[in-house]
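Q: Put chain L with the ligands on the given structure of chain F with help from the hints.
Same order as they appear, the protein sequences are chains F and L. Per UniProt numbering, residue 1 is the first one in the first sequence, and the count goes up by one each step. Per UniProt numbering, residue 1 is the first one in the second sequence, and the count goes up by one each step.
Keep in mind that the hints were calculated from the coordinates and are not lab data. One or more hints might be untrue.
As the list claims (entries may be wrong) - With the C-beta cut set under 7 Å, the calculated list includes, among others, these residues of chain F facing chain L:
id, residue
1, S65
2, L104
3, V188
4, L191
5, L224
6, F318
7, R322
8, A432
9, F434
10, M435
11, E437
As the list claims (entries may be wrong) - With a straight-line cut-off of 25 Å between C-alpha atoms, the simulated DMTMM-like cross-links for lysine to aspartate or glutamate are:
id, chain 1, residue 1, chain 2, residue 2
12, F, K422, L, D67
13, F, K357, L, D38
14, F, K357, L, D67
15, F, K422, L, E40
16, F, K113, L, E40
17, F, K357, L, E40
18, F, K113, L, E52
Said to hold, decoys possible - Pairwise CB distance ranges, derived in the manner of DEER restraints:
id, chain 1, residue 1, chain 2, residue 2, range
19, F, R200, L, R8, 47 to 55 Å
20, L, R66, F, S187, 32 to 40 Å
21, F, A246, L, A35, 28 to 36 Å
22, F, A234, L, R8, 38 to 46 Å
23, F, I501, L, R66, 56 to 64 Å
24, L, R8, F, W393, 28 to 36 Å
25, L, R8, F, K157, 47 to 55 Å
26, L, A35, F, I500, 52 to 60 Å
27, F, A234, L, E57, 41 to 49 Å
All C-beta atoms, glycine included, are put in the ideal place defined by N, C-alpha and C.
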Amino acid sequence: MELPLLHLALVGTPNSGKTSLFNALTGSRQKVANYPGVTVERKEGFFVTPLGRQVSVVDLPGTYSLRGRSPDEEITRDFVLGKASGEAVPDLVLCVADSTNLRLTIRLLLELKRTGRPMVLVLNMFDIAARRGITVDVDRLAKELGLPVVTSIAVRKGGTADLLKLTDEISAKLAAEAEANSWRALSVAELRATQREADRIIADCVSLPSRPDTWTARIDAVVLHPVGGLVVLALILFVMFQAVFAWAQPLMELLNSGFDMLGEFVHATLPAGLMQSFLQNGVISGVGSVIVFLPQIIIIFLFILLLEDFGYMARAAFLMDRIMGGAGLHGRAFIPLLSSFACAIPGIMATRVIDNKRDRLTTILIAPLMTCSARIPVYTLIISAFIPAKDVWGFINLQGLVMFGLYAAGIISALAVSFLIKFFMLRDYAPAPFMLELPDYKMPRLKSIVIGIYTRAKMFLVRAGTTIFSMMVLIWFLASFPQPPAGATEPAIDFSLAAIIGKALEPLLAPVGFNWQIAVALIPGMAAREVAVAALGTVYAIEGGKEAAEQIGQVLATKWSLATALSMLAWYIFAPQCASTLAVIRRETGSWTWMAVTFTYMLVLAYAASLLTYNVAVALGAG
Amino acid sequence: MTDTNDTRPHMPLGLAQRGYTGVIQQLSARQAGSALSDIELESRLIELGFVEGARVEVLHEGLVGRDPIAVRVDSITIAVRRREAMAIIVA
Ligand SMILES: Nc1nc2c(ncn2[C@@H]2O[C@H](COP(=O)(O)OP(=O)(O)OP(=O)(O)O)[C@@H](O)[C@H]2O)c(=O)[nH]1
Ligand SMILES: [Mg+2]
Chain F
1 MELPLLHLAL VGTPNSGKTS LFNALTGSRQ KVANYPGVTV ERKEGFFVTP
51 LGRQVSVVDL PGTYSLRGRS PDEEITRDFV LGKASGEAVP DLVLCVADST
101 NLRLTIRLLL ELKRTGRPMV LVLNMFDIAA RRGITVDVDR LAKELGLPVV
151 TSIAVRKGGT ADLLKLTDEI SAKLAAEAEA NSWRALSVAE LRATQREADR
201 IIADCVSLPS RPDTWTARID AVVLHPVGGL VVLALILFVM FQAVFAWAQP
251 LMELLNSGFD MLGEFVHATL PAGLMQSFLQ NGVISGVGSV IVFLPQIIII
301 FLFILLLEDF GYMARAAFLM DRIMGGAGLH GRAFIPLLSS FACAIPGIMA
351 TRVIDNKRDR LTTILIAPLM TCSARIPVYT LIISAFIPAK DVWGFINLQG
401 LVMFGLYAAG IISALAVSFL IKFFMLRDYA PAPFMLELPD YKMPRLKSIV
451 IGIYTRAKMF LVRAGTTIFS MMVLIWFLAS FPQPPAGATE PAIDFSLAAI
501 IGKALEPLLA PVGFNWQIAV ALIPGMAARE VAVAALGTVY AIEGGKEAAE
551 QIGQVLATKW SLATALSMLA WYIFAPQCAS TLAVIRRETG SWTWMAVTFT
601 YMLVLAYAAS LLTYNVAVAL GAG
Chain L
1 MTDTNDTRPH MPLGLAQRGY TGVIQQLSAR QAGSALSDIE LESRLIELGF
51 VEGARVEVLH EGLVGRDPIA VRVDSITIAV RRREAMAIIV A
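Same shape as in the complex, but just chain F:
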């Protein structure tokens, strides 16, 4: 007889390796990083035990208790207590502990026992514990706790073998009648008592070494130095943006010439006509102009992934806490905001770790101001076309410096907006507490970095192939039809729908120095920011006539004034040009109003910033 699916749940304190374990068991690639609060969603996966039992396992956000004080902790609480709608309570709870740091997990485990669910304690990161000389009397611990205890090394091949074996043993004799759930929120006295009990058990079963992790202490002496630490943080960000430019250049040129050759090949082999124009102008000039930015995207993710896996993120939050607090932000807002450099969507999701509703809302509202990776193509295109690639003071690349400036402008305006929100809306308001575990540093693992980059690169290419491609088809169509009447002397594109739409919008955008081609590019840019680059590529390629094999950057340098270029950069710091971000804001705040507020305030800021930039630039003679 086929046994029913066995339901497991991974519960434990933050950063204990639950997601690593989930990935090891199910072969998934969920996000793992060395700071508390990475997982903010429930994720289900499946595997088969060595004895052939079908298992469903659910990864949950980390939590210190079942009180559920922030949205992510509520997810865990509701799942464990079986309150989540449409979910059965798990058959077996795997309580995952960081073996180097058992105090808080054992306390949580004593609390979890009251739910009456069958449970196993998984002593994860056992490799690190062994290296540090921590020894655990596993049998005694199991006896004291009254439940099975097993060690595991989630990140090593075969490191979960014992756990799998135990799962088989337990599932064979899992009692049908579950114990009653006697959990209720613990009083302060009960909390204290459980922590005392946990400390007693640990004193009995665990022998701690004399040497704590000296590497972490040594690195922190520099990285958390009151002044030195801030210098290091600034340096890291600075190197990151220099690298985005300097390292990516050769690869980008390679990709660029590849697409040029492809375009010429299509031009030469296909007969002139709609098919040729579609492939050359729509697909290759459009989608290709976005794909060339892959190296830059990879570099920025490489930096972020390395920092995350090393354990620097929590330190950065520590350093920035007071500075951000001055702008009315919660210290924990730092990590969501930093993730927003990659993309605002995971950044906004990550705000679930913020317990205070108003702090969370403020962070959500400003997250889209962080320069996400989709802006990189727009920034790079314009910077490469208009800013000379010379060195300042001999070693700083000017283009990289401008890029750094754009990122800084995003950060500063985010802080300013947050300050205004606090000042006008939430004035009578004491600062929320900041309490964050600073995990020990871990050597980033090559495999997880490679997987991380591969996933992001794939996502970018899939987007280029789907969203961006379909927008390009639309743009190409709008820019090609209707065809000009016979005998017309103006460029064909002037008769197209794109020109009609663009020119209708032009008066609105003329004060900020945008021409009709930009107006056309901004609309499909709503789907995704990079689309604007692709759209400009297509529109100018069609306008330039079939012979034009020029790169879009060179075209812009001749068609736009410097003032227009700068105005466009200013626009992109603020413009709410991403439908998916707006959708996530709507979902996470549960309100259309906040989505509309975000859209409006960003649009107003974008217009104002462009207006200012354009007029100042024109006044200075860059018109």
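A: For chain L with the ligands alone, coordinates are given in the frame of chain F:
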């Protein structure tokens, strides 16, 4: 872990300098003036391991107002603001 030190004066951890080491004597959320309610603050501190008898050491301080502080509590390091650390009485 309960080696209370009777000779040293009791003080809130929120006033401790970098390098300070001591043992937690009691939690007193009322003294903190935190945005959290007394019960909530005390619960959270306990959940992070700040219970009576735990050894603490102030490892690092921030730049502005020497805030926040990174505190070693037995085997882990926790960042807290001084305002909340005022609730932790050490000696
Ligand atoms: N050496 C070693 N590192 C591990 C092990 N398990 C996890 N890690 C590392 O520990 C860190 C945290 O792992 P995660 O799986 O993200 O932890 P989590 O419990 O899911 O964290 P949250 O989602 O924030 O609650 C990562 O840097 C992992 O690479 C292990 O068994 N050995
Ligand atoms: Mg996780």
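Q: Can you give the numbers of the hints that this structure goes against, from lowest to highest?
A: 19, 21, 24 and 27
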